[in-house]
Amino acid sequence: MKKPDFVYVTYIATTPEKVWQAFVDTNVMAQYWVGSTAACARVNVSDWKPGSKWEHQHADDASAVDIVGKVVESNPPRRLVFTWARPTDAEDESKHSRVAIDIEPQGDGLVRLTVTHEDLARDPQMLAGISGGWPKVLSNLKTLLETGRALPRPPSVG
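Numbering (this note's numbering), first residue to last: 42 to 199.
A couple of the hints might just be wrong.
Unchecked claim - Straight line, CA to CA, 20 Å or less: simulated DMTMM-like cross-link-like pairs of lysine to aspartate or glutamate:
1. K94 to E134
2. K111 to E134
3. K111 to D133
4. K94 to D66
Unchecked claim - Each pair of labels, with its calculated beta carbon distance range:
5. R153 to L192: 12 to 22 Å
6. Y49 to R194: 14 to 24 Å
7. A71 to G170: 37 to 47 Å
These aren't lab readings, by the way, just hints derived from the structure by calculation.
Since we're looking at a predicted model, the values are computed, not measured.
In this text, a Cβ means the ideal position worked out from N, Cα and C, and glycines have one as well.
Use the sequences and the hints to build the structure in full.
Right under this line is the structure:
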């Protein structure tokens with residue numbers, strides 16, 4: 042079995058339904074999924090049904106799309122799997138990586154969240170980007186769900 046390229050596991054004091062909602066509801070997402078500057082909130086837009094497309098858009102400009110993909114599996118509120126690619130590589134599935142989000146209840150009011158991002162070995166630049174990006178996004182998600190507010194956003198650059 043091939044080792045995944047990136048795995049992030051965290052425990053969140055919340056419910057599986059709230060974690061799921063945070064991954065599919067753009068209003069929640071815009072609060073925690075930030076880019077490298079304060080003005081760069083992002084949202085993932087889709088109907089989240091298997092076979093549907095999704096886009097990683099700037100929250101304030103839907104025409105600005107950073108990442109695209111296709112929904113592979115959607116099992117609310119436990120598992121979401123989708124492909125991940127640059128818009129220029131949308132038609133070339135050999136250049137897509139794969140993200141699996143697993144949401145597991147761990148008892149009363151505790152969830153284990155595992156994000157596995159695979160097939161990044163052929164794209165070191167993407168691996169570097171997601172290796173820094175996922176921890177920021179998921180830490181911010183955890184903070185939002187546990188406290189009701191996201192982490193402070195980084196200052197604007199330029």
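Now for the hints, and whether the structure bears them out:
1. K94 to E134: Satisfied, since the Cα-Cα distance of roughly 13 Å is no more than 20 Å.
2. K111 to E134: holds (10 Å)
3. K111 to D133: The given pair, whose Cα atoms are some 12 Å apart, holds under the 20 Å limit.
4. K94 to D66: holds (15 Å)
5. R153 to L192: 12 to 22 Å: About 21 Å separates the Cβ atoms of R153 and L192, which means 12 to 22 Å holds.
6. Y49 to R194: 14 to 24 Å: Since Y49 and R194 have Cβ atoms about 20 Å apart, the given range 14 to 24 Å holds.
7. A71 to G170: 37 to 47 Å: Violated: the Cβ-Cβ distance is about 20 Å, outside 37 to 47 Å.
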